[in-house]
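Given these sequences and hints, build the entire structure.
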Amino acid sequence: MSRYPFRDVEHRWQQAWKKAGCFKANHDPDRPKYYVLEMFPYPSGRIHMGHVRNYTLGDVVARFRRAQGYNVLHPMGWDAFGMPAENAAIENQCHPKEWTESNIAHMRDQLKAMGLSYDWDRELATCEPDYYKHEQKIFLDFLAHGLAYRKESTVNWDPVDKTVLANEQVVDGKGWRSGAPVERRKLSQWFLRITDFAEDLLSSLEKLNRWPERVRLMQENWIGRSQGAVIQFALQGHSDCLAVYTTRPDTVFGASFCAIAPDHPLASILAVNNPELASFIQECNRLGVSEEVIEQAEKKGVDTGLKALHPFIEGQTLPLYVANFILMDYGTGAIFGCPAHDQRDLDFARRYHLPVQPVVSPDGHPITIGESAFTGEGVAINSDFLNGLPSSQAKKAATDALVAKGLGTAETVYRLRDWGISRQRYWGCPIPVIHCPDCGIVPVPEDDLPVTLPEGDTGNFLETHPNWKHVSCPRCQGPAHRETDTFDTFFESSWYFNRFAGPCTEAPFNPQELAYWMPVDQYIGGIEHAVLHLLYARFFQRALRRCGYAISEQIIEPFSGLLTQGMVRHRTFRDTTGQWLYPENIHQQGHDWVTKDGQPVEAGRIEKMSKSKRNVVDPATILDSHGADTARLFMLSDSPPERDLEWSEAGIDGIWRYLNRLWRLVDQSANGLAKTKNKKPPLASPSVENLDQAALELLQATHKTIAAVKTDLESFRFNKAVARIRELTNRLEETDLDHFKITNGGAAVYRFSIETTLCLLAPMIPHFAEEGWKRLGYQTLLAQTAWPDADPNMIMDHQVTLAIQINGKLKTTLTVARDLTRPEIEKCALALEPIRQATDGKTIKRIIVVPERVVNLVI
RNA sequence: GCGGACGUGGUGGAAUGGGUAGACACGAGGGACUUAAAAUCCCUUGCCUGAUCAAGGCGUGCGGGUUCGACUCCCGCCGUCCGCACCA
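Residues 42 to 900 (the working numbering) are what the first sequence spells out, left to right.
Keep in mind that the hints were calculated from the coordinates and are not lab data. Ideal Cβ positions, reconstructed from N, Cα and C, are used throughout, including at glycine. Treat the hints with caution; some may be incorrect.
Only pairs whose alpha carbons sit at most 25 Å apart, straight line, appear in this in silico DSS-like list of lysine-lysine [what the hints assert, rightly or not]:
{"#": "1", "residue 1": "K751", "residue 2": "K74"}
{"#": "2", "residue 1": "K153", "residue 2": "K65"}
{"#": "3", "residue 1": "K745", "residue 2": "K721"}
{"#": "4", "residue 1": "K178", "residue 2": "K192"}
{"#": "5", "residue 1": "K761", "residue 2": "K782"}
{"#": "6", "residue 1": "K153", "residue 2": "K815"}
{"#": "7", "residue 1": "K215", "residue 2": "K652"}
{"#": "8", "residue 1": "K153", "residue 2": "K60"}
{"#": "9", "residue 1": "K510", "residue 2": "K227"}
{"#": "10", "residue 1": "K852", "residue 2": "K886"}
{"#": "11", "residue 1": "K883", "residue 2": "K850"}
Per label pair, the in silico range of CB-to-CB distance [what the hints assert, rightly or not]:
{"#": "12", "residue 1": "K60", "residue 2": "T618", "range": "52 to 58 Å"}
{"#": "13", "residue 1": "K248", "residue 2": "A548", "range": "24 to 30 Å"}
{"#": "14", "residue 1": "Y623", "residue 2": "R456", "range": "18 to 24 Å"}
{"#": "15", "residue 1": "A146", "residue 2": "N208", "range": "34 to 40 Å"}
Written out as structure tokens, the structure is:
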């Protein structure tokens, strides 16, 4: 029995596509463009299943759109800076560059073996000076436009990776890569002013209607806009006012204290003469920011002795505390406490015996506050001129009154903070500035770019390199030193998609190419970048535009469509001693799992593939044993792309069996049809004249499949597309080719159907489809063949099957002509035997006829 | 705590402008071929009653509701997952 010889086939077609230049993207203003991009990989050394899934999804889109006639750009590159290279370099006594480049070479071969339709001429690696010199220029432009700045601040310090992390990179108080609890440190760091664009980044989200709702929501929450007021509280015996931010100015009459953050400037001033306060502040700084610490920490504070004056109540003073639950970097780092309507304030007030005065009531009647605050909206009470106003109006009235008295302003505040981009690493893009003892911070002159990384043995930090940092100041020529921090690697990935549009030596990107290719029509990658990469990239477009780069309004959003794929998971296994086992030597025996040598295995949960639990399968194994197309089709078959997918050996076997069945079908068809003449060009639908019923039905089924697969692929429902094609395959297998050959037009219909099957599968299993295409006798490449059109007349059924229900319960079905009139349908339905029995002796109260769907008899 | 998503056979999943639930697969069971295995092919497969007939009943997390008709819409629970989290 012949088997699909993937080893021979796959390599041969990869060469043929390359020779024919099938996937080369050329600027052509006369054709509609389609830019499909998958998030480029970090070159860790080998591709993993997540890559296989990601790039298969992208490749199906690219090949499908190409067949539909779009001018497709589908590039690939390498996000090549990062820490693993530094560690590997130390381990292997080599330069990170060597390690990275050899990884790229290996992974490039692996991707090519998958038959992915990339335009490899556009490949780039972010660690090449040719790439990073442009981002050094971009940084200098940001600096010149005030979008990059340096400031001393408390930062998130990852003690394992020994570097600073952005807020986005701290997950549950731990570093996103190392998982180590983050510490707080004061350091002088470079920041990008992403907060300048907070409003635009937020409001533009609603235009991204081809993004998953959930990603937009995550970004919305991350930006975290809130509207409120800043109130200036006068301080007794002090010339300065205390600025306090609140979203509830309507509760100002319930204020019973004020509190500031331990790192508020006023706190350190007051601490000078207050030892108790000084030690409290010290204690606060010692505490980490991890989740546990925050949850367990009690609301504590120290009374500074200072009194704030209530803005509206003459003579009322509020004690000023320094409190551990006030955050310096949100709002103004100071609050007024309204215990009746804020749980934290209430906890604090109970502890320090402060008054609790309700000023909002759900219904306007007096309320009392016990252990929980009333945080909802309602009607203002005990609030002088606000009394009786609903909360929303009270907010406005209070704010207006504050403005009138010169004691406050309406303010919008964002949770988003500026992006800290300094990293204390070696294998990254050097930040192009020079520190001069006399001139201060001096940008590296553009002519001196790129600032390249040193060669040779380096250790892990530019800081400790023997001589790299010593330079003369570009301004005064005196001795100076280079900035030894490098960019956060998210810097590189914030603009690479622009460069793919048209490589360009003089500038980061080519304006004409950018205008043609951008935005990315479909971006595909993991959900883990929902607020990291995807937010930074949106910010970059805006910042680049402000610096005068050719980013038009049309491409200010870099990714117009986004698909976030789910993870690849696998069952976990342990032996009897609890050791994790690799799945490669384990198989199922009935309901049990055993190793190859018969040892019992405990099967655990199905989890995300991870090295620590050993539930990983190396794609290389599958490519070798079953071929690229088997792996590709498996990735598409069962689960919708945005959901998690379980990798299973049984599933792979199932796909492999299907491919071989299809292989035999194509083979038999090719042989069987060899003697019949095909007068039509490929994929031209045969004439319906004089066809027998079987041929007509096959033709109709084929057209229906064409239509359904188009819809499914356009909406990324690949699993459904596969199911539809398998239905057609099943039908073809049941079809008697010998009979079709001798009937009028039968051979042409059969040929059309089998050709169509291959064509529809080509985006998913391109090598297989191409080989089948050749066996059917074509000299042309399927990769260059246009997508077939479904004939609308062929999709319309002349007969329809109606559900016949009694009181909404299905009793039987009825097949009638589509255009049968209602009275005739009713007559037919009532004449049906099961219906006559069920309605015998009963009154039919009502008959509901829904054309082409259902007849419901109410009795 | 706040925000969001989701709950369908043994499993992955189909079907939502309300209209034949379980497409397509995986797994399982039975059979054919074979000395045997692999491969391949055929049959069965939501649950229950019934005899593997005829036929009937029950079924989309649970409880209500709207409707001729609800996996789909509304209300209230329960559960799972994800994001954010002392954000004033």
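Practice item. Identify every previously stated hint that the structure contradicts and give their numbers, smallest first. Key: 5, 14
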